[in-house]
Amino acid sequence: MGGMGIDGNRLYTVAHQDLCALAHDCPAQPYGLATPEATAARLLAHHRVVQAAWERWGTVLPIAFNTIIRAGQDTSARGNLEAWLRAERVTLKEKLDALAAKTEYAVQVFWDPNLVAQSLASSNPDSQNGEDQMGALSPGLAYMHRLRLQRQLQRDLHARAAAELEHVCATVHPCAEGVHVGTVQPAPGKQRMLANLSCLVSPQGYLRLVAELERLAERPGLSVRLVGPLPPYSFCR
Amino acid sequence: MSSTPLPAPSASLVDLLDRLLDRGLVVNADVVISLADVPLIGLNLRAALAGIETMLSYGVMAQPGEEGAARGLETPHPQAGTPSG
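Chains A and D are the protein sequences, given in the same order. Take the first sequence: its letters are residues 1 to 237, numbered as in this note's numbering. Take the second sequence: its letters are residues 1 to 85, numbered as in this note's numbering.
Hints may contain errors.
Here chain D is said to cover these stretches of chain A; the calculated rule only asks that three of the stretch's residues, wherever they fall, bring their Cβ under 8 Å from a Cβ of chain D [to be verified]:
(1) 19 to 30
(2) 44 to 54
(3) 62 to 74
(4) 135 to 148
None of these hints come from the bench; they were simulated from the model. Here the structure is a predicted model, which is why all the values come from computation and not from measurement. All C-beta atoms in this analysis are idealised placements derived from N, C-alpha and C, irrespective of residue type, glycine included.
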């Protein structure tokens, strides 16, 4: 794995008994905000090392980006890393054992609120009747009436979002050994992200997850993005 | 985005950003250098990385890290080490 480290630095191993850390030398200061391209390259370099180690050794504990260990007055950085492995060995072994043969997948569920709103409006008799009555009202009353219908539609939309989210979580949980709920991210076009989950799954759990997500994607207005396999970034704390 | 979840695509930079910065194992030791800048990187870069991905998808620029990574820093700095996994 030689020069795969950040900025092309050479990787080396620091071992204690049956534990091994991959590291490279760097200046004793956090990586700051360089250009987006340079920072992206560093983030990708970190990920590629984690990914390569994971593919080679099976189980890894990915350490957060920008984790830099300094030298002490009488100790080297490498010595401090080894001392940390020694001090944390039992905890680290427990974490590694818990992650053995498990994989992280990102599950992102999207919906189109406009599409769902149209569906809600067309299936709601109150909304239909309200639109029909609008022509018989004065402009002021019609405005108030339209406002009331819009507010009701917003409430229905929020209720539908909550129900869909609950359904997504109930669908995913039985397939996964662990679920991490992330913040929703911007989505392309008119889509909105409804759920941004990280799932830790066994090989059998993965097959169940895929089958359940395929069913989920058939629900009107929903689409699903499954990303992975990934090293277990979200499940090593 | 796909309406069906298969096949699982590769992770994008945006997918990885939260995982690399906000998750992963934390080394709780007094020899770890302060990470106060990390949230700033996360906040400022999210939009920029999304922009980079768009450019990459249209072939406007090279994949970061493949050609653009600085290879001139091969000289080891013995004072510190970055664990990578």
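Going down the list of hints, with the structure as the test:
no.: 1; hint: 19 to 30; verdict: holds (count 10)
no.: 2; hint: 44 to 54; verdict: holds (count 9)
no.: 3; hint: 62 to 74; verdict: holds (count 11)
no.: 4; hint: 135 to 148; verdict: violated (count 0)
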